[in-house]
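Colleague: Now for the letters of each chain:
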Amino acid sequence: MSERGTTRRAFLLRSSAALAGAWGARLLRADRVGAAGGNLTIAMAADAEPASLDGQVDPYVSAWLLNSFVTDPLVLLTSSRKYVPMLAAGWSASAGGRIWTLPLRRGVTFQDGTPFDAEAVKFNIDRVMSPDTHSALMANYLGVKNFLKTEIVDRQTVRIIYSSPVPALLYGLSICPLWSPAAVKQFGPSFQQHLVGEGAFKLAEWVRGDHVRFVRNPAYRGARPWQEHDGPAYLDSITIRFVGEAGVLGQILKTGEANLVAGLPAQAVGTYANNPAYTIIAGYQPGNGMMFVMNTGRPPLDDLRVRRALRYAYDQDTMNQTLYNGSYVVVKGPLTKYTLYYWKGAESAYRLDPARARRLLEEAGWKLNPRTGIRERDGKPLALTIVMLHHKEIGEYLAAQFRAIGVDLRVEVVPGPVQLQRAQSGEFDLMYERLRSYEPDVLFDEFYSKNYRPGGWAWTRFQNATLDKVLLETQSTTDQTRRQALFTEAQQLVTEHALCLPTLDDPQYYAMTKKVHGFRLGAIGSWYFVNDISVET
Amino acid sequence: MATYIGQRVAVLIPVVILVFSVVFAIMHALPGDPVQLMLAGAEAGVTTPERIAQLRRSMGLDEPLYAQYLRFAGHALRGDLGQSIRFQSPVNQLVAGAAVQTFELSLAGMAAALLIGIPLGIMAGLYENTWLDSGAMLLALLGVSMPLFWLGLLLILLVAVHLQWLPAISGQQLRGIVLPAFTLGFVSAGLISRLMRASLIEALRHDYVRTALAKGLRRRVVTTKHALRNALIPVITVAGLQFGGMLSGAVITETVFSRPGLGSLIVKAILWHDYPLIQGAVLLTSVSYVLVNLVIDVLYAWVDPRIKYA
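Line by line, the protein sequences are chains A and B. Under numbering that gives the first Met the number 0, the first residue of the first sequence is numbered 0, with each subsequent residue one higher. Under numbering that gives the first Met the number 0, the first residue of the second sequence is numbered 0, with each subsequent residue one higher.
Source of the hints: derived by calculation from the structure; they are not laboratory data.
Calculated cross-link-like contacts (lysine to aspartate or glutamate; reagent style DMTMM-like; alpha-carbon spacing at most 20 Å): (1) Lys514/A with Glu535/A; (2) Lys253/A with Glu535/A; (3) Lys148/A with Glu49/B; (4) Lys144/A with Glu49/B; (5) Lys336/A with Asp314/A; (6) Lys336/A with Glu346/A; (7) Lys224/B with Asp303/B; (8) Lys449/A with Glu49/B; (9) Lys514/A with Asp531/A.
Coverage of chain A stretches by chain B, computed from C-beta distances (three or more under 8 Å per stretch; other residues unrestricted): (10) 131–140; (11) 253–260; (12) 410–418.
Taking beta-carbon pairs under 7 Å as the criterion, some of the chain B residues facing chain A (in silico): (13) Gly31; (14) Phe86; (15) Leu152.
For every residue, glycine included, the Cβ atom is placed at its ideal position computed from N, Cα and C.
For reference, chain B alone in the conformation it holds in the complex:
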């Protein structure tokens, strides 16, 4: 297992280099100059070409592209992601601050998704074709089809504005994460519950379940110890992908609940052509994505003893 994990971590290096290079190329191919964008304040004032050149020089943007690439890569290897053009702050600091917020939200969102999705799916699977199944799947359908921002706004209106139970602005308090986590989790819960249901129904029809029941094992034990464990494998795969998606794509939830996260930071960085910030943020998200997938693969082995990694 240790060798396998080592190999997977080693795969990170080419993946990160590839992702970084593609992002670097795309960003520099896009029209727009970060210095001019930085100078394009909404309050007027003409800038001379000399001043633009001066600023470009002081930010190292006048160097050839390969030199900029190598400089950034060299600094990144030493753990320094450079200085953001737009925010005039170290990229490390900006990305780390936002990543913590996003990680917190994704973790809470995933917890909400699993806590809602798995029991709902199990219930639907066990009571297949009953009103419980229909009710659970209706909820799941709502989850997968409801736009995130709409659900978020609806919850804010109901829970924060009318009932005043929870804050509308997420903020730094623990209670502030409840609504965004539920919003983010509810959508994933729809997918997870549908998959859980289908997977459990399929597992319950397998021969080993019939054999276990014939041997006289209680249905509850057969379901929890045998069928459920097998049925969880595809759910874990999807949950892992969903978690990866949350890490890089929680931007809508972050915006609705006013949370400073990685998603909104990347959007701002792209809009302002803030090369160092985009590169730093993408570096972090691609590493996170690969690591999350690694954790999922390791979890497979834990759930299904038949899976062995050499």
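For reference, chain A alone in the conformation it holds in the complex:
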């Protein structure tokens, strides 16, 4: 049978298969609906508890994730990493990405019965942009620095107008929660305790430091394109329990106090991995991974030869095997492979080559002192400080590797506020820096030289006109092919100038009992969808 031609038999076979598939899917739906219900208790680390449950204010993905139970976004980033319309019926960008027009889905109401319309969207976007909301990050994602106004085109169409293009706006719209304006006004400062969206679950209670509980919204009529079913979720309720100690989090499934652990500590994976009563799923993160940026603003890392020598002195695969039994993700460039427009060339740019590393250091004038085993120049030892927040073992591993080429690496573990202060004052040689975003714009944040200032992330203090030009163009280019070319070039330049030490990335592990069905990861490892989940009772 040719590709083009279709025999009657083949048609019948295909039709039967399609019918069987559709029938099977319906049966599956019916079966799952029949098994609908159950209460899901998710345990997660207390550190991940949002400070504010209002994701328009709180800067962490955990807040946006919990918000996604209560409200749908305008645009959805699917598991297969595609943006699709959700509460927006579509979108269009004009004037080179300065004007975004979003027609909205009709017939949608918030959980308090008020309508979801252009006025509601305008209220939400204006709220995020207002300094009185103290939006820590969402305002950035929605392009606050270029924001001019939100316009109501008609009852079901809204327009966002910027002074210059905001190419990554879709990502912002995919995580920005949309609240009922009436509820926001009604509850005022305590709104975060009374979230009202239009989503599949309603917020029942939040006992800070202990748990958050959501109950099914039976009136939910949402349809997510890839989901198993439309309308109300299967689960009766979802309870999030916050666990303070990693050791306890690792054991909590065994006590029966939770049926799913989000963010299972890596050392506990083995506890469940070979046990048929549990399922383990790994979610991989976009962004930098555990990257250490190099301070090019002071010696010795102002010398490209020294920076490159460090890149040749260690191997991420061996590090992964030695420290984590190979369970982490190897990162060889400034972005992990789960980030949009990842450049594969980074994987072969630097391979372990201690001899070459030594040669480069010799060329840079650093001579080995055989008595100490550390290189020196003008009587000064080649000593570097690596500042990190956690995963001290990575620092220690690097220290051991660097010692072999005559570099003395001192590991300092500091709390977050000290890290920020040290980064801004430039008191470091290597500094832990890890931004997580599906969009590669983190490269602009971290390597555009003018972002070396309070509120910026360009801690390397590296100045290069070509890199700056490329990165700046990414911020005004909406054409995706061009953006890909620009971000690829940026990754090449960052790698070529050896501005960072990429290491590994820790996956987000989920462990659940076999009674949990329908768990689905999102596009980023720390995101998952709950509408299809059911729990056998």
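With chain A fixed as given, assemble chain B onto it according to the hints.
Modeller: Only chain B this time, still in chain A's reference frame:
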């Protein structure tokens, strides 16, 4: 007594002002800007200096330090501790919620410490240099030397994971407080029992005990009515200090058993430079500490009639 209590309450005012001022000065001297920390989400996005200035202004952080100090003090006098920078919630609400949890845990922990420590100490004191004494003191030694988090984790593994008798996460149920209270109390019980033992042995060697026995009083009566009451005075002092310590230092137990308490709230507030929250929480803990000490002093008079407060 009423005058004494009034005086002690009046002493609270300078103590609280002093503590508050020192904390205010230290927090503002530390490096780090709360607005930048608030903006330092783990998900990227560059913030312009204008936006930082805008946020600082809207939080009143652009004012001179003395103005911030006076504003906070003025609001605190009216019972308003302000709005937390990090949690975007009223400090009163946050501190009160956490304080209730900590107070519950400390009270239960203290009860466990006294229920274990005092009988153990009495037994050791009465049966000095016997195997009962050695056994009790071995337990006490374990109590004082065992790290809290280790004991907590061990109990969780045994009682919650293997036996499944009690929950590992403390939660809101009454049974959830048993393990954390025991953990917190066991450490203090070690100290209390050692002190109780030493104090009782000393009291039993006093002349008034010998006299009472010579008068023909039964040993049990002499021990409980005379020696024990005197021996309790140092124990009460230590128990009071321990209780004060529990109120502000139960953070490890709170973390291990996932309890939202004042200790963990203060740690978060310090890390995020959340000035209003730190000031509010410290205000509350310093007042509690002074009040607990006052209660201890009043208890002295009840235990030892010779002590009189003018």
